[in-house]
Amino acid sequence: MTTNQLTKTDAKGTVPGAPLLEVDNLHVEFRTRDGVAKAINGVSYSVAAGETLAVLGESGSGKSVTAQTIMGILDMPPGVITKGEIRFQGRDMLKMSGEERRKIRGNKIAMIFQDALSALNPVYSVGFQLGEMFRVHKGMSRKDAKAKAIELMDLVKIPAAKQRVSDYPHQFSGGMRQRIMIAMAMALDPELIIADEPTTALDVTVQAQVMDLLADLQRERNMGLILITHDLGVVADVADKIAVMYAGRIVEEASVHDLYQRPAHPYTEGLLASIPRLDLKGQDLYAIKGLPPNLMRIPTGCAFNPRCPYAQDVCRTDVPPLHEVAPGRGSACHFAKEVLDGNRG
Amino acid sequence: MATAAEPILQVNGLVKHFPLTQGILFQKQIGAVKAVDGVSFELHKGETLGLVGESGCGKSTVAKLLMNLERATKGQVMYKGQDISKLSGGALKAVRRNIQMVFQDPYTSLNPRMTVADIIAEPYAIHPEAKPKQGAKKRVQELLELVGLNPEHINRYPHQFSGGQRQRIGIARGLALNPEIIICDEPVSALDVSVQAQVINLMEKLQGEFGLSYVFIAHDLSIVRHISDRVAVMYLGKIVEIGTETEIYDHPTHPYTQALLSAVPVPDPTGRDNRDRIILSGDVPSPANPPSGCRFRTRCWKAQEVCAQEEPLLQLRTGMHGPALHASACHFAEEKDIVHAH
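So the sequence lines, in the order shown, correspond to chains A and B.
According to this note's numbering, the first sequence is numbered sequentially starting from -11.
According to this note's numbering, the second sequence is numbered sequentially starting from 800.
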């Protein structure tokens, strides 16, 4: 490690427009007694400061495992990173020592989890847990840390923060707990936030509040945001670009407007067609046939081929690479052109 | 579709209060969680009634009350001239043959130690009089085929199936006794998007085939619109608005319904920056201590003094125009198109 690189990372927002985080050809597998589950098979994406990348996928698509690998909280074993790089401000985090990574985690990259009740410790007050960030990372006194905790609770618009700082997680509602999680992520002023299904456990009216808050904070502080979700509605509301994952691969990458206007992968097309609309009562829903694959037995060729209406022989033998199909958008489908033109096979 | 004929299920003033007690030896009641507080609706043959609302609004408690899995504190559930909420023993068992339930979580609602054949045939053990003459096994295979599963898999265990397939098993079990009504409590919330559509389509197909009536409970408003003929919106133990699917979604008059519809993220990024969204402040109040008058007033932007004093009844309101001739429980009910305003 040269000093040159170190100074580069310390300055905030080094080169304008340069990606903050780059995931490059990442492969992760889980070696279990029953066999090897290939959770991530060559995922690449990047996020710049102020940008929101939505990673969209169903359960088992590898979206959360990618996030855990970035944070360095993947359970290893059984998880093994077999290939790839994760560069944060140009430096490969996978080659860093444990101590270096700890300096990035929380300070530079923070994470918001889905289930706030299980992510918070039930036996400590929320003020104590928020203050911990400052005591551990910044060496603040208890008193100062508590004052900071109140400040943070104000930031995420928790009413009567002064009185509630000594309350315990169970005394807060689901939406308020998720705000506390956001406050904790914001504590050290990170440059990148990874939010893993941050509103899935919340009701719609509360979801709208929480997503609004997250988007406001991101804009104010010009942070990068990786939003992991399965909800096509939430994505359409906040994302700048989208990566759609299926069976551990990115099958489509596009800007949010392009993707919703005209998907370039049959899986995305199927997903968009299968959600009912709020503004009109449709006829039969389009249903993608079959089931997501077992990661221990991913189909040969394109992983989506058994469920795909476009599938031909070539799909069963050759893995389609993620290639550019239009300026700024990629699709991993042999028939991406046909999908884009809307000619179902 | 709904007909003018006699409703198959009629719910009148249903109330369920769960007592809050204090003390160890001498327990005394210090209050009650008013989970359901005066709910009335009708269900017609072949119709789907959607029940929507946020968590804690009492929709699942209503489902349990309909089956008499919880005893109602007050009110009636009339089915063919009988009040289900007062029945017990053999009479209740007989009624339950005609009303079945499909649960939310396909992982916990199937016994992991029973095979699929045992699970689907269990209703016949409880109701021996309904056991098919040709034997349960054949019927189980028919049912599996009906819900789109391989009939050869009858000796498999639940863990060998995916979430969507398990939900199909749950539906097959619900159909085993040829019921007239199926109460579905969040049947697709635990499923992946691509699988949800399959299960919804299956439920619609089965409804057409057997003339089933559904009470469909969900928090996903888009899915409820898709499957329902009529929709009831619940807030804190009460129905605040009820009407046909078009009336509720295209002509909502209650502020809560409007806020709920407005909060649903639209899967289309066009014009997202100019969307005028109603964002409610605060959380749902505790059902142990609901606000006086209108229960929504603490979060309502229209609230005035009268809302705190006088409880608005669920009735047809004046001041509405167009096709909005449905009941709304708001003093200031006014039609506002939310879902097309985006």
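Careful: at least some of the hints might be erroneous.
Taking lysine-lysine and the DSS-like style, the derived pairs with C-alpha atoms no more than 30 Å apart in a straight line are [unchecked claim]:
#, chain 1, residue 1, chain 2, residue 2
1, A, Lys83, A, Lys71
2, B, Lys863, B, Lys930
3, A, Lys269, B, Lys1004
4, A, Lys269, B, Lys1135
5, B, Lys936, A, Lys277
6, B, Lys1135, A, Lys277
7, B, Lys892, B, Lys827
8, B, Lys844, A, Lys269
9, A, Lys277, B, Lys937
10, A, Lys145, B, Lys1101
11, B, Lys863, A, Lys269
What the hints contain is simulated information worked out from the structure, not anything from laboratory work.
Find the hints from earlier in the document that the structure breaks and name them by number, from lowest to highest.
6, 7
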